[in-house]
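Chemist: If you want the building blocks of each chain, they are given just below.
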Amino acid sequence: MSPGDRTSMGGPGDRFETTDWASILRTRTPDDDERREAMGRMIAQYWKPIYCYLRRQGFGNEEAKDLAQGFFHEVVLGRELVQKADSAKGRFRSFLLVSLGHYVANVRRAGASPRRRPPGGVIPVEAIESFEIPDRGCDMTPEAAFNYEWAATLLEQVLEQVECDCRDRGQQTHWEVFRLRVVKPIMEDSEPPAITEVCAQAGVADLARASNMIVTVKRRFRAVLAQHVRRLVASEADVEAEMRELTAILSESGAGF
Amino acid sequence: MRPTLSHLRADQVASLMGIGVGPRRVDARQDQPVAAELATLLYEERLPDDSHPDSPREVLGRPCDELSSYCTIAELLFASVPDLVALTDLKNYAKLLDQKESSTSTKATATSIYYAAIAAALVAHNERITKHGYRDLARYFAEIASKPWMTADLKALFVKARDTCQKHAGEDGAAADA
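Chain order of the listed sequences is A and B.
Every position in the first sequence, counted from 1, becomes a number in our numbering once 240 is added.
Every position in the second sequence, counted from 1, becomes a number in our numbering once 10 is added.
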């Protein structure tokens with residue numbers, strides 16, 4: 241997979257999606273509009289991990305796009321996934337990954353491309369989001385690629401919502417202090433700057449106040465992450481387990497990709 | 011605007027996830043009061059403007075802004091890139107807490123935190139924030155890791171720090187010769 245590969249699949253990334261177990265069950269509704277909306281949300285949320293999984297399975301760019309379309313059309317829209325959802329209720333990520341694995345195995349066994357795709361596919365292309373396929377080394381397994389992209393997508397949403405929440409509460413400086421001290425060093429793989437430096441950059445005179453701001457936003461980040469994960473699991477007890485499992489999977493993958 | 015994280019390495023994504031998850035709280039051994047006290051000190055959420063008599067701000071007699079930006083001591087000790095100033099403050103705080111307290115369990119807890127701060131600086135930054143030599147530190151870490159009340163997460167940190175010290179043990183002599 242090369243970093244230059246781009247795909248136009250998916251929708252605009254500026255909307256808050258709420259795909260969850262409830263959404264998948266809503267795709268059962270006889271109401272066409274409601275069903276389409278539920279499906280649209282689900283596709284927007286999950287196409288990236290699915291596409292990356294397929295690329296790591298060795299499919300080319302176009303083939304992976306085709307298969308992703310096929311998965312949504314045949315398995316998700318075709319009700320197979322919905323029918324299984326009730327009995328398998330648990331963690332949505334694991335459920336989708338297993339279903340995808342079965343789908344790819346079936347396609348390979350049949351030796352054919354996915355069928356019955358509507359013209360233009362089911363993944364909206366009209367609102368294009370340019371997606372650059374990450375180049376994180378060739379040793380990533382398809383499952384690791386799926387989990388990585390799943391976590392990255394989840395965290396993108398969480399960071400966006402935390403920033404929006406801060407803005408809505410008039411706490412832009414809180415966000416900026418948190419971003420400079422916590423988020424930016426992780427994203428740029430650098431040492432966190434000293435609080436004095438953060439204060440100078442964010443225009444905060446009181447160092448203790450800056451520390452309070454960081455803790456406040458960390459707590460909000462924690463609450464928003466839990467809120468997002470809650471939608472993807474069947475019970476409250478699964479929320480922390482899902483977050484820890486994702487963290488463990490990513491940590492075990494190490495710095496290699 | 012939504013940030014894009016697809017270019018990050020997996021460990022960077024894990025670190026971002028870690029902001030929201032935090033270190034896993036270990037279960038303290040019920041038969042060991044020190045373990046329970048240690049776990050409380052490690053994982054108890056502190057208020058940033060804490061004015062409790064045993065808070066770092068009160069014990070050190072000055073603000074500890076770097077340290078205060080962490081929700082818990084565990085969050086600092088087990089961060090992938092813990093702040094060195096915060097670790098130094100934590101070490102100094104634990105040392106004073108040890109001198110200030112008379113109860114055996116609190117002294118043991120403070121000693122554990124003191125060495126944990128030194129261990130975290132060694133493991134994450136390869137920095138020695140104490141005058142103790144590497145050989146002595148390796149011995150102290152091994153000793154404290156073997157305490158029956160030591161929590162599993164700190165024990166793992168001390169073992170890593172001991173290994174780091176053993177790699178640097180030759181530098182003690184070189185420094186003395188210099």
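To be clear, the hints were calculated from the coordinates, so they are not data collected in a lab.
We put the beta carbon where it would ideally sit given N, CA and C, even for glycine.
One or more hints might be untrue.
Here are a few chain A residues that face chain B, going by a calculated C-beta distance under 7 Å [said to hold, decoys possible]:
| # | residue |
| --- | --- |
| 1 | H342 |
| 2 | N346 |
| 3 | I426 |
| 4 | V444 |
| 5 | L447 |
| 6 | I454 |
| 7 | K458 |
Chemist: Look at each hint and say if it fits the structure.
Modeler: Hints and how they fare:
With a cut of 7 Å, the hint placing A:H342 at the interface with chain B is violated, because the nearest CB-to-CB distance is about 25 Å. Interface hint status for A:N346: violated, as the beta-carbon distance to the closest one in chain B is roughly 28 Å, over 7 Å. Taking 7 Å as the C-beta cut-off, the interface hint given for A:I426 holds, the closest approach to chain B being about 5 Å. A distance limit of 7 Å between C-beta atoms decides the matter here; for A:V444 the minimum to chain B is near 11 Å, and the interface restraint is violated.
The closest approach between the C-beta of A:L447 and any C-beta of chain B is roughly 4 Å, which is under the 7 Å cut-off, so the hint is satisfied. At a threshold of 7 Å, the smallest CB-CB gap from A:I454 to chain B is about 4 Å, leaving the interface hint in force. This hint holds: A:K458 has a C-beta 6 Å from the nearest C-beta of chain B, less than the 7 Å allowed.
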